[in-house]
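A.B. asks: Given next are the chains, with one letter for each unit.
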Amino acid sequence: MSNLSRREFLRDLGLSASMLPFVLNLPGVGFANSTARKQRLIIIFSPNGVVQPTFWPDEAGREFTLKESLSPLEPFKNRLLTLHGLCDKVRGDGDSHMRGIGCLLTGVELFPGNIQGGSDTPAGWSSGISIDQEIKNFLQANSATRTRFGSLEFGVLVPDRADTWTRMSYAGPNKPVTPIDNPYRMFSKLYGRRTDQEHLQSILDPLQGDLQKLAANLSAADRQLLDEQATFVREMEQELKSSTAEATGHAVPDLEPGIKEETENMPRLSRMQIELLVSSFQSDAARVATFQYTNSVGDLKMKWLGVDQGHHELSHEPDTNEKSQEKLTTINKWYAEQVAYLAKRLAETPEPGGDGSLLDNTLIVWTNELGKGNSHTLDNIPFVLVGNGLNFAMGQSLKLGSLPHNRLLMSLAHGFGHHIERFGNPDFCRDGVLTQLT
Amino acid sequence: MAQSRLSFLKAVSASRRFAAWLLLSAVAFTPSGVQADEAPTGASVYQAKCAACHGANGEGGTASYPAPLVGDRSIGELTEYISRDMPADQPGTCVGDEARVVAEFIHGAFYSATAQARNKPARIELSRLTVRQFRNACADMLAEFRGAGSVDERQGLLGRYYKSRNTRSRDVAIERIDPVVDFNFQDKSPDPEKLEPHEFSIRWEGSVLAPDTGDYEFVVKTDQATRLWINDLKQPLIDAYVKSGNDTEYHGSQFLLGGRKYGLRLEFSKAKQGVDDKKAKERPPQPAMISLEWKRPHRLREVIPARYLSAQQPPEMLIVGTEFPPDDRSLGWEKATSISREWDQATTEAAIEVARYIAARSGEFAGTKPGDADQIPKLKSFCQRLAAAAFRRPLADEQVALYIDRPFASITDPEAAVHRAVLLLLKSPRFLYRELGSATPTATDSFDVAARMSFGLWDSIPDPELQTAAREGKLATPEQVRAQATRMLGDRRAQTKVREFLLRWLKVERVPELDKDATQFADFTPAVAHDLRTSLELFLDELLISEGADFRQLLLNDSLYLNGRLAKFYGAELGENAEFQKVAFEQGERAGVLSHPYLLADFAYQSSSSPIHRGVLIARSVLGRTLRPPPEAVTPVPPQLQPDLTTRERVSLQTKAESCQSCHAMINALGFTLEHFDAVGRFRREDNRKPVDSHGSYRTRSGETVEFGGVRELAHFLANSPETHAAFVDQLFHALIRQPIRACGPHTRDNLRKSFVENNFNIRRLMVEMITVAAWPADEQKPPPPQ
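Here the protein sequences line up with chains L and F, keeping their order.
At position 334 of the first sequence the residue is numbered 340 (the working numbering), and the sequence of numbers has no breaks.
At position 697 of the second sequence the residue is numbered 993 (the working numbering), and the sequence of numbers has no breaks.
One chain only, chain L, in its complex shape (with noise of 0.2 Å):
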């Protein structure tokens, strides 16, 4: 799967040679290519599919009401677009589990390979790329929208193994993305070069005090090589100097430390990933994110909502059993908290260096792998969109009939200018992009 040597995992982190002048020169916010709107896009994922009575709104168009599940959004409903009637419409190899997550954001058919899921054959990886890392290449090919990362991907309590049911991202065919769902790593990767500067910085006296003690010692031919050695000692200390000068702030989150990835902290990892989603945004790290909750058959015991079954064991019910849809609705809405709890932060930090704020900027798509869980259906895939980020035409709730969702991936695209006429199959796409959202 991973070709990626440990140098070149290094050079990514910022570790090689050739990589020096980044770590001490931590990237300002870099408002030079400002001019242009700052477009963002997030794409979240939570498994086992939804309640439709309890999730979709029953009328279509601007007058609308939100059901218990997309209650948590109500601040945001004139941002908001649901888009009922999106059906990932891929079959081939997997199981609708495999393929729910597998071709959500790729549009196309999964490998033939050794992974058996509960039914249907084995399958492997993606045979293409996901609309994330698509949109993310298109940016980062122009100057004017490139950023440091280009994309981020957040995990919360995503299982240690790579498999169909844990990647939703994939950087092309056979290439799935390991999203990062421990809020320390992704701290390091956000900010490490600051933490790396601060460590710098604090050897720099003692280091030019023992090296004058030991040349004081040395004959003069040999002092010469400790003499330079201090020299460049003082050139680091002026580069970190100004680099520091130059580092502009928003202040870095502050993470509770000690957090462990375990079930019962699922809140709060929520929340840190959250801060840390929105701080990367602020800083202008990425422009595009996938933020996967668990995985595609996630099984958590949500204990916290007073729920005792695991996730995916409950959504095997069947609807007749009212208990189980209500505690099913009680996970989505507290997933809908989630999404709200985001869109709050977005709305309520100001778009550095322009006008209005991150939400203004952003788009937020919250999507699953399945309509519904105990049908294993691929229709009606839920698509709830908060945010105005690509110009949809917001504080709506589209009623789409049965339409493929490659069609919304490549109107993801379009809303970027990138106009693709095809994404994933191109079966799929004949009808282009989904006039309805503008």
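Simulated from the structure, these hints should not be mistaken for lab results.
Glycine included, each C-beta is placed from N, C-alpha and C at the ideal position.
Fair warning: there could be bad hints in the mix.
What the hints assert, rightly or not - List time: in silico DSSO-like cross-link candidates among lysine-lysine, alpha-carbon distance up to 27 Å: (1) L:181 <-> F:530; (2) F:577 <-> F:484; (3) F:665 <-> L:195; (4) L:219 <-> F:631; (5) F:591 <-> L:181; (6) L:247 <-> L:219; (7) L:73 <-> L:307.
What the hints assert, rightly or not - Label-pair distances were calculated between CB atoms; the ranges are: (8) L:307 <-> F:668: 28 to 38 Å; (9) L:207 <-> F:761: 30 to 40 Å; (10) L:226 <-> F:741: 15 to 25 Å; (11) F:803 <-> L:225: 31 to 41 Å; (12) L:207 <-> F:443: 54 to 64 Å; (13) L:218 <-> F:622: 39 to 49 Å.
Got chain L sorted already, so can you dock chain F onto it with the hints?
C.D. replies: Here is chain F on its own, set in the frame of chain L:
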């Protein structure tokens, strides 16, 4: 000249190597060369006409000319000046050729800036760690904090075969050593009595030895689920547990330090993964195969041979991945007496890399965890021991305050404090420079001795045992140092260092590409070239660990390592698939490394032998002759323009001009002794339909001329020549100690050569003696009296 070089290069565009060699081969002797001359030499003119005032060596000091005779005039300017004004009492009596030769002599012997530099007394210079020393030191400073790992020298990997798709211990059905991993199980079970053909899994564990430093590409070929770990046994290098699409080949690249073993784990599972497929056994079994291959730096891909695999499970190694600017190797050995901004930045980057690595594992190394009451003291104690290992001596109190207490006082987060302490110690001059200890007013102590020994033999810091010996004052006498050095020689790092030196001695340190004429040598494939290098390496390895480790055997041994492929190409009798083995081959014709087909093929053109390249190798490396770059570039005449000549005749004809002969008289006469071997090192009796003439000769430094009737006679001469021994001593000393041999006392060179002879040319003994001499370089062989 630049112009002619350029056109020359274009003319022989066939091969860059070819061109480079020709430039090197047009050489001239230094002024102190062996050619006697009827005309007065510069030295004799100087002694006759100049020395009375300027001193025998231009040192001045006489009443008429007290200052040393140094300056920056060119030879031409000096000639004019001498012709006009010298000797001062009789201007005009030293003119023409006489003025020119004496100007050349003065210029080269002591006048010019380069001559002055050459004549400066050598001294032990303060040196930084070389790049390899830096990497090795980082890897080894953690040695005492890790378990030793298992000791199991069985060759091959320990394979555990499981009855299910999961490697669960209760499902183990077979446990065995597999020499290599290269299996095609087809649709069968590896052992029908113990495993079902439908579903089984295998885990191989052990280690892989990296013979050289560089990027290794590992390849797993399988049609089933697989994972491979190298060194870091937590994070797989290759994760193909999800099989997706038609790929059956998975690659992972890993930078490894040479001469070390790294942990290896390979897992294989024949089954569908994910949800357990209960019906699998109702269907016919599928085929299954797996092989574990690698591509060593600059070598061809191959199944990892058993000699590089062992069942031993070594601890994880810290491998510094940061790239460094290369060390200065202009003298033939890695010299590190200067620093640059780039180097300084690389050390900063590497320090960050190492600090992150160690900080993240500091609890494990220090035996503590967050929340422990003694967490901070334990972490500090760990940092102090780490610093002592890195600095090669215990920390004085003021250093503990500076390097340990201060970082811990600067930040509350314990892991961050470790990070800062490690950062500081890796940037410290006490880590970065060798010989700091001896440069301080305090006399050489046991810690200096230990550091010199370990850098000399391992290019690394002392191991815990050597540290203990230093601490207990057990490195105070030559006998004690010899005993430790002998122990240390058994370590693979020492073997790797000396093997690398031998490859450099033979000028094949960088793996050359052997491209041969495709019509003439159609069977000389890259695989044959690859095997030839393996053959040479096996020969060197065996000789170095053999009881006598006899240097002369390098030149005289008449057997060759061959495998089936080489045997077929060179006409020896071995089975086609035979593994490498020592074969007595063309015994009357070959002699040691000089007639090893790898060197013969390398020191040759694409279609013909090259006596010049072969002669230069013998003159420079084996005999230690100094050869200057060519005075002018010469375009060789292509063989097809003289279709009737043998190679020997053609080379003789091309170099017959007097200006060439001053050097080629020596080069050609050495190289011709190998004319029985063609461009791929095959024995031949005829060249261009004429009988081969492999007679040659050599005029020694003392002026005798020795005749050879072929390579065996040459090899006998070389093996017993004091010139060869001295050259070997010089080169090996510089490779080990990385300081000029002259800096270690005026008699060191002679003493070492004598002991080399006395010890029957045992290379290992010679290394021990070198390490012992260099332990107290300042006052040669006279360590301070034991306390």
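A.B. asks: Of the hints given before, which are not true for this structure?
C.D. replies: Violated hints: 12 and 13; rest satisfied.
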